[in-house]
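**Q** Single-letter residue listing:
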Amino acid sequence: MTLLDVRGLTVRTADGRTLVDDLSLTVDSGERLGLIGESGSGKSLTTLAILGLLPDGMTATGSVDLAGTQIVGATEKRLAAVRGRDAAVVFQEPLTALDPLMRVGRQIAEPLARRTCLKGAALREAVRGALTQVRLPEPERIARAFPHEISGGQRQRVALAMALACAPRLLIADEPTTALDVSVQAEMLDLIDSLVRERKMSVLFVSHDLAVVARVTDRALVMKDGRAVEEGAVHDLVRLPREEYTKALVASARRLESALDLRSAR
Amino acid sequence: MTPVLELENVALRHRGSTANVVEDVSLTVEAGHSLALVGESGAGKTTLLRLLLGLSRPTCGSVRFDGAGLSPRDRTRMRDFRRSVQCVFQDPYSSLDPRRRVGAIVAEPLRSLGLDTRATAAPKVAATLERVGLPADTADRYPHEFSGGQRQRIAIARATVCHPRVLLADEPVSALDVTTRVKVVDLIAELKQEQGLTLVMVSHDLSVVASLCERTAVLERGHIVEQGDTAQVLGAPTHPYTRRLIDSVPRLPA
Amino acid sequence: MTLTETRPTKAPRFGRSSRRSATLVVGCVLAGLIALLALVSLVWLPYATDDTSGGRLTGPGGGHLLGTDKLGRDLFTQLMTGSRIAFEAGLGSVAVAAALGITLGVLAAFAQGWLDDTLSAFLDILIAFPTLLLAMLIVAARSATLGSAVLAIGLAQSAVVARLVRVLVKRVLTQDYITAARTSGTSWPRTVLGHVLPNIWPTLVVNLALQFGLAVLAEAGLSYLGLGAPPPNASWGRMLQEAQATFTTAPAGALAPGVLLVLLVIGVNLIADGLRETLDPATRRRRA
Numbered sequence: 001m002t003l004l005d006v007r008g009l010t011v012r013t014a015d016g017r018t019l020v021d022d023l024s025l026t027v028d029s030g031e032r033l034g035l036i037g038e039s040g041s042g043k044s045l046t047t048l049a050i051l052g053l054l055p056d057g058m059t060a061t062g063s064v065d066l067a068g069t070q071i072v073g074a075t076e077k078r079l080a081a082v083r084g085r086d087a088a089v090v091f092q093e094p095l096t097a098l099d100p101l102m103r104v105g106r107q108i109a110e111p112l113a114r115r116t117c118l119k120g121a122a123l124r125e126a127v128r129g130a131l132t133q134v135r136l137p138e139p140e141r142i143a144r145a146f147p148h149e150i151s152g153g154q155r156q157r158v159a160l161a162m163a164l165a166c167a168p169r170l171l172i173a174d175e176p177t178t179a180l181d182v183s184v185q186a187e188m189l190d191l192i193d194s195l196v197r198e199r200k201m202s203v204l205f206v207s208h209d210l211a212v213v214a215r216v217t218d219r220a221l222v223m224k225d226g227r228a229v230e231e232g233a234v235h236d237l238v239r240l241p242r243e244e245y246t247k248a249l250v251a252s253a254r255r256l257e258s259a260l261d262l263r264s265a266r
Numbered sequence: 001m002t003p004v005l006e007l008e009n010v011a012l013r014h015r016g017s018t019a020n021v022v023e024d025v026s027l028t029v030e031a032g033h034s035l036a037l038v039g040e041s042g043a044g045k046t047t048l049l050r051l052l053l054g055l056s057r058p059t060c061g062s063v064r065f066d067g068a069g070l071s072p073r074d075r076t077r078m079r080d081f082r083r084s085v086q087c088v089f090q091d092p093y094s095s096l097d098p099r100r101r102v103g104a105i106v107a108e109p110l111r112s113l114g115l116d117t118r119a120t121a122a123p124k125v126a127a128t129l130e131r132v133g134l135p136a137d138t139a140d141r142y143p144h145e146f147s148g149g150q151r152q153r154i155a156i157a158r159a160t161v162c163h164p165r166v167l168l169a170d171e172p173v174s175a176l177d178v179t180t181r182v183k184v185v186d187l188i189a190e191l192k193q194e195q196g197l198t199l200v201m202v203s204h205d206l207s208v209v210a211s212l213c214e215r216t217a218v219l220e221r222g223h224i225v226e227q228g229d230t231a232q233v234l235g236a237p238t239h240p241y242t243r244r245l246i247d248s249v250p251r252l253p254a
Numbered sequence: 001m002t003l004t005e006t007r008p009t010k011a012p013r014f015g016r017s018s019r020r021s022a023t024l025v026v027g028c029v030l031a032g033l034i035a036l037l038a039l040v041s042l043v044w045l046p047y048a049t050d051d052t053s054g055g056r057l058t059g060p061g062g063g064h065l066l067g068t069d070k071l072g073r074d075l076f077t078q079l080m081t082g083s084r085i086a087f088e089a090g091l092g093s094v095a096v097a098a099a100l101g102i103t104l105g106v107l108a109a110f111a112q113g114w115l116d117d118t119l120s121a122f123l124d125i126l127i128a129f130p131t132l133l134l135a136m137l138i139v140a141a142r143s144a145t146l147g148s149a150v151l152a153i154g155l156a157q158s159a160v161v162a163r164l165v166r167v168l169v170k171r172v173l174t175q176d177y178i179t180a181a182r183t184s185g186t187s188w189p190r191t192v193l194g195h196v197l198p199n200i201w202p203t204l205v206v207n208l209a210l211q212f213g214l215a216v217l218a219e220a221g222l223s224y225l226g227l228g229a230p231p232p233n234a235s236w237g238r239m240l241q242e243a244q245a246t247f248t249t250a251p252a253g254a255l256a257p258g259v260l261l262v263l264l265v266i267g268v269n270l271i272a273d274g275l276r277e278t279l280d281p282a283t284r285r286r287r288a
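From first to last, the protein sequence lines are chains A, B and C.
For the record, in the first sequence the residue sitting at position 85 is 85 according to the UniProt record's numbering, with numbers rising by one throughout.
For the record, in the second sequence the residue sitting at position 102 is 102 according to the UniProt record's numbering, with numbers rising by one throughout.
For the record, in the third sequence the residue sitting at position 106 is 106 according to the UniProt record's numbering, with numbers rising by one throughout.
For the record, the hints were derived by calculation from the structure and aren't laboratory data.
The reader is advised that the hints may include incorrect statements.
Stated by the list, open to error - According to the in silico footprint, chain B covers these stretches of chain C (three or more CB under 8 Å from chain B):
id	region
1	149-162
2	263-272
To be verified - Just the calculated beta-carbon pair ranges, DEER-fashion:
id	chain 1	residue 1	chain 2	residue 2	range
3	B	Arg77	C	Leu134	31 to 39 Å
4	C	Arg171	A	Leu101	43 to 51 Å
5	B	Arg251	A	Pro100	50 to 58 Å
6	C	Val167	A	Ser258	44 to 52 Å
7	C	Val167	A	His235	31 to 39 Å
8	A	Asp190	B	Gly228	24 to 32 Å
9	C	Leu279	B	Leu55	25 to 33 Å
10	C	Val167	A	Met102	25 to 33 Å
Don't be surprised by glycine CBs; every beta carbon is placed ideally from N, CA and C.
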């Protein structure tokens, strides 16, 4: 069953520049799709358009069907119902995604309470559960902390817990590990992988890094200057890229990686 | 041979803090042996770089340039140091003064070190901009007209215009896209080769380190846990932290 | 954008930029007209400032464009000298505020530890100190002249400017290009002049323009209370005060300076708004 069906999505600015151009993609229930592109490729705008979160002055045309709801042109009220329930998002920078003046526990409690109607001790227990699920040590301490009091990796886990608290059917992850250290990134990718598997969720994973995408998704779409360049299984894209741009992307990634291999082999 | 730059048992503690940011760090930078400082956030990489740049002073231990300590009072020697040791930053947006033309930005070391006048600096600036692969009219334009990769080239031009011996670089390519990253890595490699430049690079990206540096020091929470030839450190790591770093690097499917 | 290393072509934003320059033009016209009055008053006035031959409180018309005041002096003449005084007060105060404020602000930004605390406390006290009291003290120490008023206003405003400059400079100092200047061997004075001031300049100029408007208002207030320029120099504030008693019978005497005061302050504020973006090289280029 198709969960997300994007057809001919075009995003324009107020002065007429086209930032996303006639993009189409689908994500089935339980499927994972990677969206690969470099800065300016329009990949992040695509995720915003899917959630109806485009900044002021930008307009989307085309069709975004998310679990039966047409997002393009939908009212804010309609969108609010969709966000969280059908799709939730984890952004690149967890520090800006979290409210700096609110304790972490309360930030997770809000979406949880909305979905489950829990209160008091039961809600607190649910928050603890949500934090444990993303493998945060000492969930009680983290729940009492403010975002700036915990590390970047921990913040991103909190952001993930918030997204999952709504039990969405689609998880949108926009460069969720780019701001993290390598070893923290590896843990985070494993975490996303296993949580999504357990819950049979769909994932739209956005990244500039082919190797990172390859760890989470099996299928990927390469974007450049707002257009889809190539789509296919990640392994095929990496092994036998068809388009020039994909080739350049893979070659660059391989170049850097081979330096590592040469050094280690010697 | 005397090392160009040397840290000996250096520790640094911020005012009002009880813990050292870096502790008991000894490093030598020898001409022709580029050094990478590898580690994750909070490991103290940038602190070491600031010490090497003479921007902070160690709480204990010593920083030496050409075998002797540095004193801000010794103007001639400071000028020699500044001329010999230049720097490239991570964020190509905050490292270029938005209100100056590129020509003035690149000429700054020449002018400030008293090496050139405005007139004599201009041809050197033009040659350097060309060397880093930027079009001829770059000098007359403002930084905001350039992309991240181009801005990093401008920053590299500024750092190499006075032909320093050592280039300190703080995550010089981590803010760039992969395709741009490869090109800038290539540029730095060429400059190393051509100008006999010794690179001291802070990075968390092991593939960039492997591409550019002969030696690697691994930092964990302010301590050096392992250092040696890059091939040795990355190929046969002895410390578990180094091993964990290497294993964490995401790899393309074969 | 970093990918191709080519420059993205940005379409000009006609809508926004033309609205902004319209603001600037309207502001300049308003303030310019009054500035013209002030300039002309330096070389030519319809009547002498102490000429009381015109009869008292004549309405507009006859030999007097706006009529005369209760002493028989020509209102338009007073208005012209008043606009000169307004500009002198505005420019003078802003000059004092800028010179003192920028110096103190830069010092405070570089100061660390106890010096930073001391300077901040000093600025806070100066901001909290009523301008009126300051003016009275200065007038008591010197005399009730325009200079005293300007000094009082400028001193009071310098604290506001200094606090703004301190924050702006501190923000600029965290930028990598400042570190780059240091590692290039640029001395601190040259860094401040070459990097710090140019980068805080746009925000500062806008604020100084706003301070100009406030200073004009403050001077009118002080001369209304008799703490400004002494007679026969008719400042707008004094005109307002003198026309107060006869407002119902001869409103022109109060309305004319009032309207000019409002127009000048609005004009200067519009200029400040217009300057805000015009001074940014990014938008300047885009418009070109």
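**Q** Checking each numbered hint in turn, tell me which of them this model violates, lowest number first.
**A** 1, 2, 3, 4, 5, 7
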